[in-house]
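Peer 1: Sequence:
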Amino acid sequence: MTLPTVAIGALGGTIASTSKDGTEVVPTLSAAALAAAVPGLEETATVRAETLASLPSPSLDEPTVVRTLAWAQAAVDAGARGVVVTQGTDTLEESAYLLDLFWERPEPLVVTGAMRSPQAAGADGPANLLTAVRCALASDSRERGVLVAFDDELHQARWVAKTDSMSTSAFRSAVFGPIGRCVEGEVVYGVPPGRVPALRLAPGQEARDPRVPLVATYLGDDGYVLDAIRAEDVDGVVIAGFGAGHVSARMAEAVGRLARQVPVVFASRTGSGPTGRAMYGYPGSEIDLLARGAVGAGWLSPVKARLLLWALALRGPLARADVAAEFELRGRP
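Whatever position you read off the sequence shown (first residue = 1), add 395 for our numbering.
FYI, nobody ran anything at the bench for these hints, they're computed from the structure.
Hints may be right or wrong, so weigh each one.
Stated by the list, open to error - Each pair of labels, with its calculated beta carbon distance range: (1) Asp622 with Ala597: 33 to 43 Å; (2) Ala569 with Val620: 39 to 49 Å; (3) Gly517 with Ala673: 45 to 55 Å; (4) Thr418 with Ala465: 32 to 42 Å.
Treat the numbers as computed from the prediction; the structure is a model and nothing was measured.
Note that CB positions come from ideal geometry on N, CA and C, so glycine has one too.
Given these sequences and hints, build the entire structure.
Peer 2: Given below as structure tokens:
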């Protein structure tokens, strides 16, 4: 029997890390070594494994993810039924969402990793990788964009977040929950396929590397940090605000000054729930920030809002109206 083909691209992370004495764990294993360590994988799929990078996840960056996107597209063009990317968990929610913004193919692209290294007792990497491969092969995974497979749960890249620093159940979709599970080897979804259309890149645009800082507000914030950002040095800025995206009155003045020059997006730092639209009217409220020219991120977390603004800037200069339209489309369920 001919098995379907799955392409596995490894970027490093805990799932690919080893150590000599249980400490100083660093990425060392190749994609082929990761695949070879998964019981039952060879009976599930024909694997094409390629090591794309060998980095701890904090050292991943957007250009590396964009190159991974090109590799995944080429893998599908070469006949892969689905694609799996393995990486470290610290930035997994961001890499998955950036891939999702540009993934136009109906074939599944699934991102996974591990919280325990291969040498640790109860290493979760092999199980997560097998779940990801099964997800990539499942016909019902098509037309869902990029998915995250972790601890037998399947999440949409747009909503998933790492919510625990150590647990093997570290990934959650706080508001809407996982969309599927892998049970006894079967991939089961609770919602029908459907996604927001992907962004498109023109030839040459992928070579750009926009600068989009993320600034978190705090008690007593007077706008000092935001005012230190020179508009000519950035393509846009995202603010992680209190509650529904609020900031102090003095911070709001800084937002207004910068928003006259570059796109400024405000998101909620709470970890769940959207930015407001029309409730509060004090200086620094959502009504005030919108009047000053800032754009609300909707349901997107600050890091996801930053990636969307970065992705939009990758395609060229940004107009506020275009930014607002994209966040209206992509920042809602």
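Peer 1: Each hint: holds or not?
Peer 2: Consistency of the hints with the structure:
Roughly 35 Å separates the CB atoms of aspartate 622 and alanine 597, a value that falls within the hinted 33 to 43 Å. Restraint check, alanine 569 to valine 620: a C-beta distance of roughly 27 Å breaks the suggested window 39 to 49 Å. For glycine 517 and alanine 673, the hinted distance range of 45 to 55 Å is satisfied, since their beta carbons lie about 49 Å from each other. For threonine 418 paired with alanine 465, a C-beta distance near 36 Å keeps the hint of 32 to 42 Å intact.
Hint compliance for this structure: hint 2 alone is broken.
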